[in-house]
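*Asks:* The residues making up each chain are set out below.
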Amino acid sequence: MCLAVPGRIEQISEAQGTRMGRVNFGGIVKEVCLAFVPEAQVGDYTIVHVGFALSTIDEAEARQTLETFRALGVLEEELSGDVEGGE
Amino acid sequence: MKYLDEFRDGAIARALADEIRQIVTKPWVVMEVCGGQTHSILRNGVDQLLPEGVELVHGPGCPVCVTPLEVIDRALAIAQKPGVIFCSFGDMLRVPGSSTDLFRVKAEGADVRIVYSPLDALTLARRDRDRQVVFFGIGFETTAPANAMAVKLASDEGLDNFSMLVSHVLVPPAIEAICRSKGNRVQGFLAAGHVCTVMGTRQYPAIAERYGVPIVVTGFEPIDLLEGIRRALVQLERGEARVENAYARVVSEEGNPAARAVLDEVFEVTDQSWRGIGRIPQSGWRLAPSYRGFDAAERFDVGAIRTVESPECRSGEVLQGLITPPECAAFGTVCTPRTPLGATMVSSEGACAAYFLNGRRKRGTNGVAAHA
Ligand code: SF4
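Chains as they are written, first to last, in my numbering: chain X, 1 to 87; chain H, 1 to 372.
Calculated from the structure, these hints are not laboratory results. Ideal Cβ positions, reconstructed from N, Cα and C, are used throughout, including at glycine. Incorrect hints may have been included.
[Stated by the list, open to error] Coverage of chain X stretches by chain H, computed from C-beta distances (three or more under 8 Å per stretch; other residues unrestricted): (1) 11-20; (2) 36-43; (3) 47-56.
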């Protein structure tokens, strides 16, 4: 029950006085409470746990982390040509 | 989102593992606190990438595993009351109580429902005002905000047929209890990323300093885990004991202020019993006085509860990192996920289940070499 999974916010609405939204988890769409992420916008990625969004994911930070890993050096030959592989 | 897959990249994982091999000069013991991390480590073979002598031990971070037997027996008694709809996260259903489990009482006619979110239980209560809807509110800091919010919404709406059986546990006091325990071998900790999503990293510097242990906030993907382990080992080799955040794309120092505000309003910190471990001061949450009316333990009189633990089960030692599951004589013989003796074999996040499902019969092996 403890696993929190990332999904993309597709729609934001109001229900029973609470901020709700539809979040897409790789194809499965669920109704999620957004009360704890007042800053979240449509299109943001969010970590959802038991029906509540707990935080938005900082994509810039994620890329930074991956860059740091790449800078470990060993990677160029293994990843050559694929580093900027695009979507 | 491409970068999510990239956090599983095998080439990066190998590079991190190489880096770790270069750093390590002596044996170290690092604990991953969270059961979700335990499963990711064993499923992805992260432990097998580590050099000889670096040992990962599994922590008490499985909410299903540490919910006290007394609370489970109470849940069973409430679920069997006439007129009650008892709602729970799915993995609580097969956890053994003293004499039965929620699954069996459901089969015998009790109205036990598996819900995905506490909001589902609220929906049931709104729909069926003549029935009492009880939600089994367990979990760590990750789950507590959702449960607190459900109680707050019920209170705001005046839903008097909703209540919660609350048994929440807090991670930092458990880490301290492990550091203080006799026979503790843990020298560094991987803190659970999603707990810190809510609470921030602020609680940890004092602990790192007091017990001289590095604490690295770590995510759940294979390379997140390797990076967390790498950072902990760098500190250990240098004789440092700091808090580092290796999951900054999700976790901030502050945590989630909106979630913490609801937690502060609805819950108050209390001493808490952990199944298999015992009482840890200030390590749980219960409903604050103004929300006590929603406490299922007070609303339903179930009489005195006498608990009976399985004498064979050593889950307490497993949860504290004192033994690995295969060291328990019952492991894989009388105790399997289909016939579990303890919650650590039942829960999808339990360490015994993780070892069993990934074919680990012995520490550091893949099952195959168990008798070599
Ligand atoms: S293997 Fe079974 S009996 Fe042994 S500690 Fe784990 S849950 Fe308990």
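*Asks:* Hint by hint, say whether it matches the structure.
*Replies:* Now the hints, each set against the structure:
no.	hint	verdict
1	11-20	holds (count 3)
2	36-43	holds (count 3)
3	47-56	holds (count 7)
The structure fails none of the hints (numbered hints given earlier).
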